[in-house]
Amino acid sequence: DSGVTQTPKHLITATGQRVTLRCSPRSGDLSVYWYQQSLDQGLQFLIQYYNGEERAKGNILERFSAQQFPDLHSELNLSSLELGDSALYFCASSVFSGGAETQYFGPGTRLLVL
Amino acid sequence: GNSVTQMEGPVTLSEEAFLTINCTYTATGYPSLFWYVQYPGEGLQLLLKATKADDKGSNKGFEATYRKETTSFHLEKGSVQVSDSAVYFCALRQNTGNQFYFGTGTSLTVIP
Numbered sequence: 015d016s017g018v019t020q021t022p023k024h025l026i027t028a029t030g031q032r033v034t035l036r037c038s039p040r041s042g043d044l045s046v047y048w049y050q051q052s053l054d055q056g057l058q059f060l061i062q063y064y065n066g067e068e069r070a071k072g073n074i075l076e077r078f079s080a081q082q083f084p085d086l087h088s089e090l091n092l093s094s095l096e097l098g099d100s101a102l103y104f105c106a107s108s109v110f111s112g113g114a115e116t117q118y119f120g121p122g123t124r125l126l127v128l
Numbered sequence: 266g267n268s269v270t271q272m273e274g275p276v277t278l279s280e281e282a283f284l285t286i287n288c289t290y291t292a293t294g295y296p297s298l299f300w301y302v303q304y305p306g307e308g309l310q311l312l313l314k315a316t317k318a319d320d321k322g323s324n325k326g327f328e329a330t331y332r333k334e335t336t337s338f339h340l341e342k343g344s345v346q347v348s349d350s351a352v353y354f355c356a357l358r359q360n361t362g363n364q365f366y367f368g369t370g371t372s373l374t375v376i377p
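Chains H and F supply the protein sequences, listed in that same order. Reading the first sequence from the start, the letters are residues 15 to 128 in my numbering. Reading the second sequence from the start, the letters are residues 266 to 377 in my numbering.
Treat each hint with caution, since some may be false.
Stated by the list, open to error - DMTMM-like cross-link-like pairs, simulated, lysine to aspartate or glutamate; straight-line CA separation at most 20 Å:
id	chain 1	residue 1	chain 2	residue 2
1	F	Lys342	F	Asp319
2	F	Lys342	F	Glu280
3	F	Lys325	H	Asp15
4	F	Lys321	H	Glu115
What the hints assert, rightly or not - Label pairs and their calculated CB-CB ranges:
id	chain 1	residue 1	chain 2	residue 2	range
5	F	Leu278	H	Pro84	44 to 52 Å
6	F	Leu278	H	Phe83	41 to 49 Å
7	F	Glu341	H	Pro84	40 to 48 Å
8	H	Thr29	F	Ser323	40 to 48 Å
9	F	Glu341	H	Ser41	33 to 41 Å
Since the hints were made in silico from the structure, they are not lab data. Source: prediction; values computed, not measured. Built from N, CA and C at the ideal position, the CB exists for glycine as well.
One chain only, chain H, in its complex shape:
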């Protein structure tokens, strides 16, 4: 158990809908990363937040947005969903240890868009 929690574990929805994925980082970790993992594109970095502020942006679509709240949990919002958005979505929190920033991943949310 990494200490990072994600809800829900599974989500089935229809095209055009909007969903919210939730992530709670490990206690004390200020940084949260979001990733999308699909069969054809591997693990894609979406966005990073640090202590409530956006730090880095990767391959995140304009239909997707995220935020990090004062209690440090984060939400990833996916709107106008398309079939191609079906994937595993992971969040990770990170800490500096042993001279490196190390990420700890949650179990993921499996999204299926029908």
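Given the coordinates of chain H, assemble chain F onto it according to the supplied hints.
For chain F alone, coordinates are given in the frame of chain H:
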């Protein structure tokens, strides 16, 4: 730019065989290097890491050495077990910037 290249899978080995999964990287300066493992239906777990040249990361019988001269961080294990069946990801993080870069993953299946 920064990138990580892993050997293509899938890899199938018999129990107790020697494992090598190749990983090379492109980066400026001295990134930190990582191996993560993903078991079926689970998230990625940190397996080992190395933060500077010639460092050797090790965990659960797996090892990888940070080779600056060949820009490589190959994962090795002397004797694999069925329980090692998983997908292995090599990753790097630059010391400047906030992004991690992951390889595409190498699927390993160990058969009894």
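>> Under the constraints set out in the numbered hints, which ones does this structure not fulfil?
In response: none
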